[in-house]
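Asker: Residues 219 to 336 (this note's numbering) are what the sequence shown spells out, left to right.
Everything labelled a hint here was simulated from the structure, so no lab data went into it.
Where hints are given, some of them may not hold.
Derived pair list, reagent style SDA-like, types lysine to any residue, alpha-carbon separation capped at 25 Å [stated by the list, open to error]: (1) 316 / 330; (2) 298 / 242; (3) 316 / 234; (4) 298 / 335; (5) 298 / 287; (6) 298 / 327; (7) 253 / 330; (8) 298 / 326; (9) 298 / 223; (10) 253 / 273.
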Amino acid sequence: PLFLVSNLLLINQFPDLEPDRESGRYHIPIMIGRKRSSYLYGAIALSAYFWVVLAWAGGLLPGAALIALIPFPLALVTIKGVLRYAEEMDRLLPFLGKNVLYTLLTPLLLGIGLLVAA
Numbered sequence: 219p220l221f222l223v224s225n226l227l228l229i230n231q232f233p234d235l236e237p238d239r240e241s242g243r244y245h246i247p248i249m250i251g252r253k254r255s256s257y258l259y260g261a262i263a264l265s266a267y268f269w270v271v272l273a274w275a276g277g278l279l280p281g282a283a284l285i286a287l288i289p290f291p292l293a294l295v296t297i298k299g300v301l302r303y304a305e306e307m308d309r310l311l312p313f314l315g316k317n318v319l320y321t322l323l324t325p326l327l328l329g330i331g332l333l334v335a336a
């Protein structure tokens, strides 16, 4: 959940970048721009799923926990959209919703997998 929630906060800063800058706020998209932040977003999103697989491969998670990977295709679609539309807020907004969806589904499914395996 750490990676997913971090990304939720990161991507939600994109639409308000200019007003945030004008009001003196200072966050990652202001520091490095939306485009570079979109690459960071992609790396963090992929890391969330990588760690699930790594924890399973290392024996830290049961096989049933791999159902947490079900939202991975949605994450890939979202990453692609964020990379493509980082500077076009009207086109980016639907991907903000998709981000929320896989951010909620992934830990929910992980929890279900852990309960099933218990």
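Asker: Please go over all the hints and tell whether each is borne out by the structure.
Answerer: Consistency of the hints with the structure:
Only pairs whose Cα atoms come within 25 Å are accepted, and residue 316 paired with residue 330 is accepted, the gap being roughly 21 Å. About 30 Å separates the Cα atoms of residue 298 and residue 242, which puts this hinted pair outside 25 Å; it is violated. For the hint linking residue 316 to residue 234, the alpha-carbon distance of about 18 Å falls within 25 Å, and the restraint holds. With a CA separation close to 33 Å, the supplied pair residue 298 and residue 335 exceeds the 25 Å bound.
Straight-line distance between C-alpha atoms of residue 298 and residue 287 comes to about 17 Å, which keeps the hinted pair within the 25 Å bound. Using a Cα cut-off of 25 Å, the hinted pair residue 298 and residue 327 holds, with the two alpha carbons roughly 23 Å apart. Taking the CA atoms of residue 253 and residue 330, the gap is about 35 Å. The hint is violated against a cut of 25 Å. Of the supplied pair hints, the one linking residue 298 and residue 326 holds, its CA atoms being roughly 23 Å apart against a limit of 25 Å.
Using a Cα cut-off of 25 Å, the hinted pair residue 298 and residue 223 holds, with the two alpha carbons roughly 18 Å apart. For a cut-off of 25 Å, the pair hint linking residue 253 to residue 273 is broken: about 31 Å separates their Cα positions.
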